[in-house]
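Student: Using the sequences and the hints given, assemble the complete structure.
Protein chains in written order, with UniProt numbering: chain D, 1 to 462; chain V, 1 to 462.
Please keep in mind that the hints were generated in silico from the structure rather than gathered at the bench. Take these hints with a grain of salt, some might be off.
Each pair may be met inside one copy or between any two copies, as identical chains are not told apart.
Claimed, not checked - Okay, derived cross-link-like pairs now, EDC-like style, lysine to aspartate or glutamate, Cα gap no bigger than 20 Å in a straight line:
1. K361 <-> D244
2. K289 <-> D262
3. K241 <-> E352
4. K323 <-> D95
What you are looking at is a predicted structure, and each value in this text was computed from that prediction instead of being measured.
There are 2 protein chains.
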Amino acid sequence: MPAPASFSNYIDTHADTISSDARRRQDVIMMGNWLNGQLNELGVETKLMDLGTHEMQGQTLQLPPAIIGRLGSDPAKKTVLIYGHYDVQPALKTDGWKTDPFTLVVDEDSGRLIGRGSTDDKGPILGWLNVIEAHKNLGIAMPVNVRFCFEGMEENGSEGLDECIQEEVKKGKDGWFDGVDCVCISDNYWLNTRTPALTYGLRGIAYFSINVTGPGQDLHSGLFGRTVHEPMTDLIKLMSKLVDHNGDILIPGIDDMVPPHDEEELRLYQKMDYTTEDIEEAAGGKEKKTVVLMGRMRQPSLSLHGIQGAFSEVGAKTVIPAKIGGKFSIRLVPPQTPEKIVPLVNAYLEAEFAKFNSKNKMEVEYLHGGKPWVADVRHWNFEAAKKAIEAVYKKTPDYTREGGSIPVTLTFAESLGVNVLLLPMGRADDGAHSTNEKLDRSNFIEGTKVLGTYLYEVGAAA
Amino acid sequence: MPAPASFSNYIDTHADTISSDARRRQDVIMMGNWLNGQLNELGVETKLMDLGTHEMQGQTLQLPPAIIGRLGSDPAKKTVLIYGHYDVQPALKTDGWKTDPFTLVVDEDSGRLIGRGSTDDKGPILGWLNVIEAHKNLGIAMPVNVRFCFEGMEENGSEGLDECIQEEVKKGKDGWFDGVDCVCISDNYWLNTRTPALTYGLRGIAYFSINVTGPGQDLHSGLFGRTVHEPMTDLIKLMSKLVDHNGDILIPGIDDMVPPHDEEELRLYQKMDYTTEDIEEAAGGKEKKTVVLMGRMRQPSLSLHGIQGAFSEVGAKTVIPAKIGGKFSIRLVPPQTPEKIVPLVNAYLEAEFAKFNSKNKMEVEYLHGGKPWVADVRHWNFEAAKKAIEAVYKKTPDYTREGGSIPVTLTFAESLGVNVLLLPMGRADDGAHSTNEKLDRSNFIEGTKVLGTYLYEVGAAA
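Tutor: Following this line, the structure appears as structure tokens:
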């Protein structure tokens, strides 16, 4: 069932009602309150879920609230649960941004909305708000009941959210998630810059810090060079043993855990609308198409992120750092889980470190993680989204698996027992988590139409 | 010739006239102006040497001035050139300081003066000022003519100073360094916490950054993990190939360049007042005494300092850094020089990187360096200092070589052609360049007496 013409027309003619505030990450609770107020103004009943406190940077901090929302309770209609996150990744102008990362810049020439969070994940949240606003202002009834779950800790492990969702589900008829028929999450990206996508898989993640400590304090390399066991020497050597130049993970048992693809699966990857130019433009490297796609979608990956506690500034400080943490993470695919991976990582690093016969101390710290996920693409939830994309974009979507992790996807799938759909709004080159993050204006406008149309198709689904 | 009793008595009774301002590094020019004013008040004629500008952190910055000073021109007296530096290493409270690093704290319980620069190198400069003040206030003539050279860029490669000194020397009779008979530098430390030292050798240094660049911008490890050649993988692998766990330098030709010690030299190291407890207390490691001492004094060392451009904060950012620089430096001993070392480093890293067959770009950047140095300990300059130490401390000094680098030492030795002496004020556990840097009050007071007495012994030398 297509959306009413008046809906798409409203989105086109009200395209300038984009909020221009992408707030700083430390203002995340303020951002939550702002979002809550917007929802209330649109007639959405909400409650702010206190997720308690957590330890970070040596402090006990209040977690930003999860916002649970409810719009409509018509038993004759289907109920869609919508998820988004209102927090963003860190960003500094000095990282290489051309504009202030926390001021949304509308570049009329390129048609781009530029700023931290534009595509990940404030743009999609505003898309949903615009869908509701359009129906409110046009006086049209929503085609489905909607439930919301917006969180403010996605970029830092979604702390506290799983428990919150599971408790809400456990309340059964008294809970706000009672009667949810399907879930829709818009927090990922097209495979390319041309063709909308529906996503049925996500990689999980396990994030680690290798902590090496030696001397009681930082030392002068002139005074102590070649007289002490330097923690950096051990740490760098350990980090060098994690991943090979071609991306192969050197920790035994991790790459092997994934079954090889068969011919049918290979053809699936060959069919996708993708050229190596996409990866060249976005990442500056050349690879074979199927290797790139499988590398992202059906293989684990290991990335070295950096070192905490070492010299990281401009200049030439002659320090022997005494206490350092090497950060890396592994993206996981089925059947891998953090529970299966963590012992392999610990055992390998401990065995390698033992070979050094070092006087330093080493511990592997597991910081956070999430399981990978795959969904059934033949479900009516995916069919509804496919029809919405065909109606708005006049194209058949790519069916993709995503390389990133959104742990809450699995929480919804497992605790609600319903189909979960990932319906991306942005493009592959948006630069999420990177400098100069953007969302194309056309993706925001047409994407908002897709979100609205999807709700109509869900409402009409058998 | 001993110093007059009134001099030592003055230093004892005026021990509280310690200036309490250790200024922030960015205020280094202000610090220079303050020091210049102090010198003028004490009757020292000065000129501020404009060292021009340099490029740092993408900006063109005015270099802090070198202060050249002159006190006395009696042709019947010897002339001593005194060097010190009024800049300090960076320091943040969050690095692990127990007190604000830029406020001098006098801890009465431990008898320590705590703060950035207390021992490196503001304490010794204040010692010299106190020697002059004592003579001025007591109305005693100085036993020698004194020339000063105080700079504000020592901790960042002494930019501009070499040329300044060389030009001053070239002026001959019109220059302020005309007639200098010897040089005294107080900018290092005793070998231990008990016995004063005279230092006749310094290691040089060559400081490098391995710059690896790949993608056009930082990337999200979920989106791009296992699809691009990650610069961190290459950089960490290169850094892991520089130095072994036991401190051996893996770059071919560097360790080999140093001739092995003979039996006589070994005995020299065995005789030094040193126990492994000294290194245990200061660095938390156990080593054999001669290995530790030779490691610091007669062997090169390679330290990995950190990575610029990677994730270095608390937390768990899932970034693939696009442009990173791995910082390391090599401490040099004769016959090594930066000129001999740099090509070896470049050739090795380029060859190793070529083996990776990586699509990233790598360049080895040589940031700064200085040659190593050794002096003749039988010279009257060293004899004068030995007598001063015996007079004040009632102990025979250790004759040491130092692990750090003070490139200006070599500049003075080569351009003036006179003997240069290193006369340390602080102890081995002072924590120069580290957290909670301190100078023991007793070292400051007795050390100031040594500086004054040394001038008398120079004056009396044949």
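Student: Are the hints correct? Go through all of them and say.
Tutor: Hint check:
1. Taking identical chains as interchangeable, the C-alpha atoms of K361 and D244 lie at most 20 Å apart only when they sit on different chains, with a minimum of 17 Å there against 25 Å within one chain.
2. For the identical chains of this complex, K289 and D262 are intra-copy neighbours only, at 17 Å inside a copy versus 63 Å across copies, given an alpha-carbon limit of 20 Å.
3. In this assembly of identical chains, the alpha carbons of K241 and E352 lie at most 20 Å apart whether taken from the same copy (8 Å) or from different copies (16 Å).
4. Within a single copy, K323 and D95 get their C-alpha atoms only as close as 25 Å, which misses the 20 Å cut-off; across copies the closest is 10 Å, which meets it.
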